[in-house]
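Protein chains: 2
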Amino acid sequence: ADVKAGRAKAVQCQACHGIDGLAKIPEAPNLAGQTEEYLVKALKDFKSGARQNDMMTLIAKPLTDADIANLAAYYHSLGKQ
Amino acid sequence: ADVKAGRAKAVQCQACHGIDGLAKIPEAPNLAGQTEEYLVKALKDFKSGARQNDMMTLIAKPLTDADIANLAAYYHSLGKQ
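From first to last, the protein sequence lines are chains A and R. Those letters in the first sequence? Residues 962 to 1042, by this note's numbering. Those letters in the second sequence? Residues 962 to 1042, by this note's numbering.
Worth flagging that the hints you see were computed from the coordinates, not collected in a lab. Take every hint as true, because none was put in to throw you off.
Chain R stretches covered by chain A per the calculated footprint, using a threshold of three residues with CB under 8 Å from any CB of chain A:
hint: 1; stretch: 980-990
hint: 2; stretch: 997-1007
hint: 3; stretch: 1010-1022
Derived DEER-like restraints, expressed as beta-carbon distance ranges:
hint: 4; chain 1: R; residue 1: A969; chain 2: A; residue 2: T1018; range: 34 to 44 Å
hint: 5; chain 1: R; residue 1: A1011; chain 2: A; residue 2: V964; range: 27 to 37 Å
hint: 6; chain 1: A; residue 1: Q975; chain 2: R; residue 2: E998; range: 11 to 21 Å
Backbone N, C-alpha and C fix where the C-beta goes; we use that ideal spot for every residue, glycine too.
Chain A on its own, in the form it takes in the complex (with noise of 0.2 Å):
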């Protein structure tokens, strides 16, 4: 997974869980440092419609697989800090 790509893709993620992963809104979960095993899977049943949000099920549509690796990446790489 490419942690850079992912950061380019999370502008579109940045307004509820921020670009540092911390989220804007209290609905929304922080992401920072999360594993990556289980932002994968949350991306991937969004995608799938397994697990349903209506903002979330939106965004993760058009996602590919590579998409959501990067993204997950991203994510969990910032809690290394």
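Knowing the structure of chain A, use the given hints to seat chain R on it.
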């Protein structure tokens, strides 16, 4: 919500999420410092079946609203250290 009561209840959570809120298995999310509102929603969704996970469905089923509020307050509080 009662953080100490949440810590006591979190003995059920620690094998996967840690009593410190740091995941002990790769497929579990870290919970330390997670937004409280998100944690409450996650537990309520697992309890209701709106969100599906074999382990969490079993664990969340018997939780009361007070248990959920206390657990969310406890894990949220761990981010402030």
